[in-house]
Each structure stands twice: as C-alpha cells, then as structure tokens.
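Asks: Each position in the sequence shown, counted from 1, maps to that position plus 36 in the working numbering.
FYI, nobody ran anything at the bench for these hints, they're computed from the structure.
It is possible that some hints are incorrect.
As the list claims (entries may be wrong) - Distance ranges between label pairs, derived from CB positions:
1. A72 / G94: 33 to 41 Å
2. V50 / V75: 18 to 26 Å
3. V75 / I99: 15 to 23 Å
4. V84 / Q62: 40 to 48 Å
5. I83 / D61: 14 to 22 Å
Each residue gets a CB set at the ideal place from its N, CA and C atoms; glycine is no exception.
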Amino acid sequence: MKLVLSLLGVVLLVVAAVYFLIPADQLPSFFPGYAAGDVHTHTKHGIVAGVVGLVLLGAGVFIGRR
C-alpha cells in the first residue's frame with residue numbers, strides 16, 4: 037500500500053508540473069483541460085494535482101511508519 041500511494045503521489049506531482057509548464061493546446065489529448073488553439077496554462081488543475089500528490093506522498097510516509 038505504501039508503494040502504491042507513493043507512486044501515485046509522484047505521478048500526480050509530474051502531472052501538476054505538466055499543467056504548469058505546458059499550454060492547453062500542447063497537453064496530451066487525454067488530459068482534462070486540453071483545448072486545441074488555447075494558449076493559457078491550467079493553473080487550477082496544476083494546483084489540485086499537486087496538492088493531491090503531496091497528500092498521497094504524506095499518506096505513504098505515514099503508513100510506512102506503522
């Protein structure tokens with residue numbers, strides 16, 4: 037369980053970085069928020085993915101200490 041939570045946390049942190057760094061028209065088409073011809077970044081999506089990623093990493097650390 038610790039490994040799964042940690043991996044999901046890391047994946048979500050990478051997704052958050054993608055949302056912050058790549059404009060909406062260059063996102064992979066399976067990402068929520070993809071829009072052809074749209075040049076703004078999805079800051080809210082990035083914040084949510086980053087917070088959930090940090091929570092999952094924290095949960096993985098907490099479970100690992102038991």
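Asks: Quick one: are A72 and G94 within 33 to 41 Å, going by C-beta?
Replies: Holds - the Cβ-Cβ distance for A72 and G94, about 36 Å, lies within 33 to 41 Å.
Asks: I want to verify a distance hint. Is the separation of the beta carbons of V50 and V75 within 18 to 26 Å?
Replies: holds (22 Å)
Asks: That 14 to 22 Å hint for I83 and D61 (C-beta), does it hold up?
Replies: The hint (14 to 22 Å, Cβ to Cβ) holds, given that I83 and D61 are roughly 20 Å apart.
Asks: Does the hinted range 15 to 23 Å hold for V75 and I99 at CB?
Replies: The hint (15 to 23 Å, Cβ to Cβ) is violated, given that V75 and I99 are roughly 41 Å apart.
Asks: Between the beta carbons of V84 and Q62, is the distance compatible with 40 to 48 Å?
Replies: violated (20 Å)
Hint check: violations occur at hints 3 and 4; the rest are consistent with the structure.
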